[in-house]
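Here the protein sequences come in this chain order: E and P.
Taken in order, the first sequence gives residues 1 to 481; the numbers are from this note's numbering.
Taken in order, the second sequence gives residues 1001 to 1197; the numbers are from this note's numbering.
Derived by calculation from the structure, the hints in this document are not laboratory data.
Don't be surprised by glycine CBs; every beta carbon is placed ideally from N, CA and C.
There's no promise every hint is true.
Unchecked claim - What the simulated footprint calls covered on chain P by chain E, stretch by stretch (three residues with Cβ under 8 Å from a Cβ of chain E suffice, anywhere in the stretch; the number is not a length):
| no. | stretch |
| --- | --- |
| 1 | 1058-1066 |
| 2 | 1133-1145 |
Said to hold, decoys possible - A partial selection of chain P residues facing chain E, derived with a Cβ cut-off under 10 Å:
| no. | residue |
| --- | --- |
| 3 | Gly1009 |
| 4 | Pro1050 |
| 5 | Val1053 |
| 6 | Asn1055 |
| 7 | Leu1176 |
| 8 | Ile1182 |
| 9 | Ala1197 |
In case you want the letters, here they are:
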Amino acid sequence: MGRTLAEKIWDAHVVRSAEGEPDLLYIDLHLLHEVTSPQAFDGLREAGRKVRRPDLTIATEDHNVPTTGIDGRGMPLTSPTPLYGPDSPFADPVSRTQVETLRKNCAEFGVRLHPMGDAGQGIVHVIGPQLGLTQPGLTIVCGDSHTSTHGALGALAFGIGTSEVEHVLATQTLPQVRPKTMAITVNGELPAGVSAKDLILAIIAKIGTGGGQGYVLEYRGSAIRALPMSGRLTVCNMSIEAGARAGLIAPDDVTFEYLKGRPHAPSGAAWEAALDYWRSLPTDADATFDHEVVIDAATLSPYVTWGTNPGQALPLASSVPDPASFADPGDRAAAERALTYMDLKPGTALRDVAVDTVFVGSCTNGRLEDLRAAASVLEGRRIASSVRMLVVPGSMAVRAQAEAEGLDAVFTAAGAEWRSAGCSMCLGMNPDKLAAGERSASTSNRNFEGRQGKGGRTHLVSPEVAAATAVTGHLAAPADL
Amino acid sequence: MEPFVTHAGRAVPLRRSNVDTDQIIPAEYLKQVSRTGFGKGLFAAWREDPSFVLNQPQYDGATILVAGMDFGTGSSREHAVWALTDYGFRAVIAPRFGDIFRGNSTKAGLLPVILPEATVAALQDAIEADPATEVVVDLDNRVVRAEAAGIKAPFEIDNYTRWRLMEGLDDIGLTLRHADEIAAFERSRPSFLPVTA
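Okay, chain E solo, but in the shape it has when bound (with noise of 0.2 Å):
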């Protein structure tokens, strides 16, 4: 019988297989960053041991980091931002310490890292495939749980607590028992205006926020293989939100064209043994998944959140639900918490729900090509004098492109803030945050309580509906304005 591309994956790189217990399987890529990997560190050294790999391990700052201060100050991006003195821009001392100790730690032990400061420091997400280090066919982990970003590439990726960062720090290896597979088959095309957060915020409406626990999931269809590499990795980044640990797209042209040239892509000979590898890849045609989820994309619309998790979505023409209307007991309940989080009322309009900040960026829609969405709904138009509007590019390759593109100007002319890489105000760890009883129409991934800051109201969207927003001052798709 045929197999899956995640099954293929699999098979691939079981170091080790015994009745009774998990896999072991083999990680070709660690991605690192300074907030889960401390406390790996410290085991290491207590035990005595090395990072086995540090060929297969790359670390970057981006959850803590402030994004101002970094430019402007007249400094080529060559070196570490300095951590204290003058031209420190981290005015939070652990945020700092939290830094500080991954370069201690990656000098120690051997790992590359691309620290604030440098050309390549991004969010750990934009920059494995930016690099053209996340390739189809890897394992690839990463303490962090939108590792499923990399799964557009055709690559198994997944998040992992710190004690397996330790482990595969150690081993280059964890012990893994076989998920299950499901196929979210997306069939027609998108129609215009729709772009891939709202089919992902689609579908986990559809499936809810535990639909795909214990599965890997495999987007395919019409609408996933019409998508560009952008929005593929937009789609991958949110299948934790719908509870699976790894979301995955079997490689084609797409990924092909993407990877060619990157600066840790094969070349020559090396390049055409891949692709043959790669090619053999994708699910084969007599292959069966566990579960299989069908999706019309022809009915899609732009999607906003209104609740408190990722599947509390709707389309941006409908209204708040009414708690009543939902039969399930527990989701009646998650809901009427969630209005009461949220301050809205049953039956409100969506597109009347008034915001004061819009947050552009993310691992999830923080590449160019969302940059460019969202610049292309504000050229020549001015954001409503309500609202603080913050673009953060992913990496610092994307501001630079998106600088010679001239979107900055773009951005700024618009009366929207440009800013350095990093994480920002996905998750409140950094200076960039919502105040108490602050909302916000926001590009990432979660819409949890306190998330973006405590007290703070996210509503997820697309970042072409971020941008009307921002002009409107309520939730608006660029078709509104």
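With chain E fixed as given, assemble chain P onto it according to the hints.
Coordinates of chain P only, in the frame set by chain E:
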């Protein structure tokens, strides 16, 4: 890792579904570089509400959390597990867990127990009716008992994870027993695979 065989203690009901790890420990508490002291961040935002269940004195000293559907979704932060154990919890019972949280728990000595929704609700009812109800989480026999409430619920956990938890074994040590197989696998890897160096 501290071995887990059987644990008896009082329990606290958390009647909420979709408790994500951002609620279990908000990001601002993740900046510490040590593995200890995260208990103060446990449910930090919710604990500001005096009526939150962990602030109710009848549940002081509880060591078992009985939660709703999809506990521990979202972020991979193992700090969520460390916050629960640092606060004093040894086990969490819920109808379903986030995959990464459940994996992290078994690496850090916190037992995640999956029970049917109706059984979880019955346990919550029993604890609320009498907060002194003793709950026994018996990993050896794979059963949760609250005898005073007439509850005896078997649960499933794979043999390997059960054995590892009962012995308190370090995964890395187990894997390094197979160092030769790892080295052999490495020699077979194709040369076109990327390196970061």
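Violating hint indices (sorted, rising): 1, 2, 3, 4, 5, 6
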